[in-house]
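S.K.: Using the hints provided, position chain B relative to the given structure of chain A.
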Amino acid sequence: MHKTLIKLVPLVLFFACTREVKPDVERTDATVVEKQSAIIPGSYIVQFDDDYVNQAPDLLGALEGARIERIFPDAGEWEARHREAGLHCWYRIIFDSPDLQETKAEASLGGIPGVVYSAPERRMQSTAYFNDPLASQQWALFNDGSTGSNYVAGYDVNVLPVWESYTTGSPDVIVAVIDGGVQLNHPDLQAVTIPGGSDGSKSFVYNHEGFSIPADNHGTHVAGIIAAVNNNEVGISGIAGGDDGKGGVKILSCAIFMEDPSDPEKSLQGDSYNALVWAADHGAVIANNSWGYVYDTETDAMAGGVGAMGPAIEYFIKNAGCDKEGNQLPDSPMKGGVVIFAAGNEQYRMAWPAAYESVVAVGAFSSKGTRSYYSNYGDWVDICAPGGDAQLGPVILSTVAGGGYGNMQGTSMACPQVTGVAALIASYFGGPGFTAEMLKEKLLKGANVQKAPALAKIGPVVDAMGAFTYGGVIPPQGVNEFTITPQSNNLNITWKVTEDEDDAKAYGYLVLVSEKAEDFQDFNPKAIPSSVRSVVCEVGTAQVGETLEATVSGLSFETNYYVSLISYDYQHNYSKLSPVKKGTTEANKAPIIQTDYSGDWKVLPFETLRVSFVVSDPDGHAFSVSVNPGSEAFVFQELTNGYQVTIRGNGAPSGNYTAHIVATDEYGASTDFNISYVLEKNHAPVVIKQAGNVVMSSVGEKMVLNMTEYVTDEDGEKLSYQVEISNKQAIHASPEGESVIVTALSFGASDVIVTGSDAMGESVSVSFKVLVKNADTPIQAYPSQVKDYVYVSSAELNPVSVAVTIVSSTGGKVYEGTVQASAFEPASIDLSKCAPGVYSLSASYAENRFKQTIVKL
Amino acid sequence: MAMALGSAKLMAQEAPALPFVTTDRSAISSAMGGTQANQGLYNPAVVPFRGSDVAFSFQSWAPGGAASTNLNLLAGIKAGKRIGINVIAAYQNGKEYTIYDNTGNGKNTFAPSDLLVGAGFGFAFTDFLSAGLNVKYATSTIAQGTSFGSVMGDLFVTFSMKGLKATAGVANLGMPVKSGENSFKLPTSAKLGVAFDFAFGKSGLQIAADGDLFFTGGLGLGLGLQYDWNKMVFARGGFHLGTGNAPQPTYASLGLGVKFFGFHLDATWLTASKVLGNTLCIGLGYSF
Chain A
228 MHKTLIKLVP LVLFFACTRE VKPDVERTDA TVVEKQSAII PGSYIVQFDD DYVNQAPDLL
288 GALEGARIER IFPDAGEWEA RHREAGLHCW YRIIFDSPDL QETKAEASLG GIPGVVYSAP
348 ERRMQSTAYF NDPLASQQWA LFNDGSTGSN YVAGYDVNVL PVWESYTTGS PDVIVAVIDG
408 GVQLNHPDLQ AVTIPGGSDG SKSFVYNHEG FSIPADNHGT HVAGIIAAVN NNEVGISGIA
468 GGDDGKGGVK ILSCAIFMED PSDPEKSLQG DSYNALVWAA DHGAVIANNS WGYVYDTETD
528 AMAGGVGAMG PAIEYFIKNA GCDKEGNQLP DSPMKGGVVI FAAGNEQYRM AWPAAYESVV
588 AVGAFSSKGT RSYYSNYGDW VDICAPGGDA QLGPVILSTV AGGGYGNMQG TSMACPQVTG
648 VAALIASYFG GPGFTAEMLK EKLLKGANVQ KAPALAKIGP VVDAMGAFTY GGVIPPQGVN
708 EFTITPQSNN LNITWKVTED EDDAKAYGYL VLVSEKAEDF QDFNPKAIPS SVRSVVCEVG
768 TAQVGETLEA TVSGLSFETN YYVSLISYDY QHNYSKLSPV KKGTTEANKA PIIQTDYSGD
828 WKVLPFETLR VSFVVSDPDG HAFSVSVNPG SEAFVFQELT NGYQVTIRGN GAPSGNYTAH
888 IVATDEYGAS TDFNISYVLE KNHAPVVIKQ AGNVVMSSVG EKMVLNMTEY VTDEDGEKLS
948 YQVEISNKQA IHASPEGESV IVTALSFGAS DVIVTGSDAM GESVSVSFKV LVKNADTPIQ
1008 AYPSQVKDYV YVSSAELNPV SVAVTIVSST GGKVYEGTVQ ASAFEPASID LSKCAPGVYS
1068 LSASYAENRF KQTIVKL
Chain B
543 MAMALGSAKL MAQEAPALPF VTTDRSAISS AMGGTQANQG LYNPAVVPFR GSDVAFSFQS
603 WAPGGAASTN LNLLAGIKAG KRIGINVIAA YQNGKEYTIY DNTGNGKNTF APSDLLVGAG
663 FGFAFTDFLS AGLNVKYATS TIAQGTSFGS VMGDLFVTFS MKGLKATAGV ANLGMPVKSG
723 ENSFKLPTSA KLGVAFDFAF GKSGLQIAAD GDLFFTGGLG LGLGLQYDWN KMVFARGGFH
783 LGTGNAPQPT YASLGLGVKF FGFHLDATWL TASKVLGNTL CIGLGYSF
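Taken in order, these protein sequences are the chains called A and B. At the far end of the first sequence sits residue 1084, using my numbering, and the numbering has no gaps. At the far end of the second sequence sits residue 830, using my numbering, and the numbering has no gaps.
Isolated chain A, as found in the complex:
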């Protein structure tokens, strides 16, 4: 028979941590567990629009009884970058009266110009109890189900309330880790490991016996779960790792495995029998055994047994913490020892030595509360704990050899969770007369049966708080004083946390509300009448004397209610009923629709009017908004920070319209807001001046036409322009704002039509001609292939006398005369009587001479 480590799956090492803000709990109804008030009384967060932020101190300063501060204060050299990121827009408002009703405060803030966001400041809660940077990844310590879909709330060891109210582990408790050797100088363990020596840790690996402990990943991982030092700003938190950075319970490493130096794939075996006996003889009162015997089949396992480990286990249970005469040592926290074994990872119904009656056998569950796929199971399994399940979600993070951290899964990881809780029990309850049997009773009977994975056969879920409060029968003190503050149809109740004689403080409260005072006569908290509304409020981290707040919502308006509270501890021992007080809910108030806009509601066709609205409910009730827009030009939109009305001047025919906005709260109270708006009539643009023709005398020349000299719109609208040209080779023309830019590209002529359009699509056109002439040829004759007429133009805008002569190819004169010609009004000469052939046309005026070959077709 061989012993082996419980199988493990090494995963990725993590050296980073994340801190997350726990989402606040929303207002609850009677069936929902309510936490401590999620709101920081009197504190509000406000964001200003960038345009108003410079006035923020003045605007906020006008609030009575409030002080303000920038959330991101002036950052000196970084201030410019902070402002670019918008950090300067955020302020905190702290009202002197923290009891100021939320809705009143929000109403005050909502009326301040430029405020685009305002909300009460909420409490933050860390998932990590200590400052150990990797603690947030230790779901086994705290699992509220908020991390993701692979997590179900409550499937952890529930150690936080024990840390808070009882203990984080005492160095008087020595836990033996019968496993691979613990890295004694690991940064997160060094403070709690007992050095190797004749009175300390020892190696029992065959042929490697002695006081030099070979560091092993598995043994170090197990030790970290139990006792990694807390609050040392290093790595992880251990269940019994103390709270001052100096450590909690001590770790005695009894190495029974080590990596074979000649074949790292193999493991060298050790003497587990004597290791356990050594632990008993050297101060350990709890022995963690994350290992078991290897069986090739389940049948073999069913036929297996504890063998020689039986006497060793019984020796530890009987003699740990005792002197040679069997009496409890004066400095030992416990008489006798507790031996805890991992159930094993073969999915077998039997495993040894875990199935041995005298030990505590530990099965494993996942972060979703299911039995881990690998866990052995059966009625012999006493308790279960987080071991992880890589097939469903996260596994277990802890220390590993080499000074780092790593993820592993297995009952090997579940076993030290139980060991850690046992070590806490020994730390808090330990002392003269405290026995191993007492510890086992608290550990096993305090475990949570309700959360035990259904049909999993791995026992109840380890529950540190349950173990600590097990057997308690003294209820916490009742509530004598509380206040009732009505807010619409809700009642806000505040009171202070009360003491519990045996559990330090109350675990929770029932806030009870009824319309009938007689409901509280002979009140039985375990049989609450249906006419009584109750809200459960757990204390959480609040300490005795701190204020708690709960809200009972959804009550009837303007109704008298009787209110009482009752406190209870973790074992649901209930206090007496508090005095019954009367509170009256308020009348319902309709939502408010408001805007700062004070201008008129006339919109020209080319205009778009946008107006911001605030719609709110003074009672904080949910509300809906319906709109009858009056026309398609009216649009009502919900934005991230309010509402906006948009009226487009061209969205509908001109005329008078009325829009109706109705805001209705969830109880039917409504407010109307009517907007009468006018869509003004459109006036078409008109031409006020015709554009003259243009002669451009060089390629590349540019000309700018200011279209406002030619076209106007009675509505004062800036028109949009489009340009058409007939000869894209000669010129390029394009609109630019209210101008048209004409650029000469090559010699030639083009018609230009500029069309100006208004928002309603009504348009008007201005046309002109552009002639790009070669300055070297001021006279031009065209076409050069004449069918009937040849045209002769000058470069002048006004006609000039041009002498023209046309001769045949042999020099015979066919035309000679003086014509009147300008750039855009050329002279036309009829050549219809001229026979087809080549002709030469000569022309001149002033100093300009011109000759050109033309052909008559």
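Careful: at least some of the hints might be erroneous.
[Stated by the list, open to error] From the structure, some residues in chain B lie toward chain A, with a derived Cβ separation under 10 Å:
id : residue
1  : 553
2  : 560
3  : 652
4  : 684
5  : 758
Treat the hints as calculated values from the structure; they're not laboratory data. Here the structure is a predicted model, which is why all the values come from computation and not from measurement. Glycine residues also receive a C-beta, built at the ideal position from the N, C-alpha and C atoms.
M.R.: Chain B only, in chain A's frame:
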């Protein structure tokens, strides 16, 4: 895009088709005011009385107008005592022009060209009287894919006695040229010409006069004078008057020539015309 809205319309006068058939391509006759009627290179009826001559000429034509470059081949071959045969071939390469469209925008270019080919036959009925007929084909390409052409003929009767030669006839008689729905007449003319040669010592002198009455209107009158020394060196001058629709304008001409062993080299320069001024013609021929 029509750019001529509201412009004044003016009419050009009628111009005959294929006027280049009237161009004098001989470096000898063109120097004598274009007096062709009694030149053997044009009139096959004269060949039996003057003998054979073959000439090639190069013309830089009308630099102030059409500015074409002309290559010409003219021949008058005397066969036996009474027969004359003429050949004419000419190619005119016109100046490239830019094609402007109806809006004045220039696009591409085109170089026009003209071609003239023809042959003639003359017969002397007696030692004093002969007749001749030329048949010619002329075509003009003025635009891409646009050509016009026509077949035409000359008919001459020539009287010759001693140094006097007189010719009467019709030149360039043929079918009109059609363009679309319109027809355009050829530069047909009634031609009358007189030439007189006489010698004094080693020198010789020829006086020639031509007249063309064009059927399309207009009159062309040419007057020429040639002096030679020992039939080796020639000096020529002339004047041509063109009126009305006459294809050739008014101009004056001057020319020089040398002749050795039948080979003659001649040059002509036209002046006194805006269009034809500085027209040059260089001719190389052989007389036998």
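S.K.: Each hint should be assessed against the structure and marked as holding or not.
M.R.: Evaluation of the provided hints:
Taking 10 Å as the C-beta contact cut-off toward chain A, the hint placing residue 553 of chain B at the interface holds, the least distance being around 5 Å. This hint holds: residue 560 of chain B has a C-beta 7 Å from the nearest C-beta of chain A, less than the 10 Å allowed. Hint on residue 652 of chain B holds. Least Cβ distance to chain A is approximately 8 Å, under the 10 Å limit. Proximity of residue 684 of chain B to chain A holds as hinted, the smallest CB-CB distance being about 4 Å (cut-off 10 Å).
For residue 758 of chain B, the interface hint holds, since its Cβ comes within 10 Å of a Cβ in chain A; the closest pair sits about 9 Å apart.
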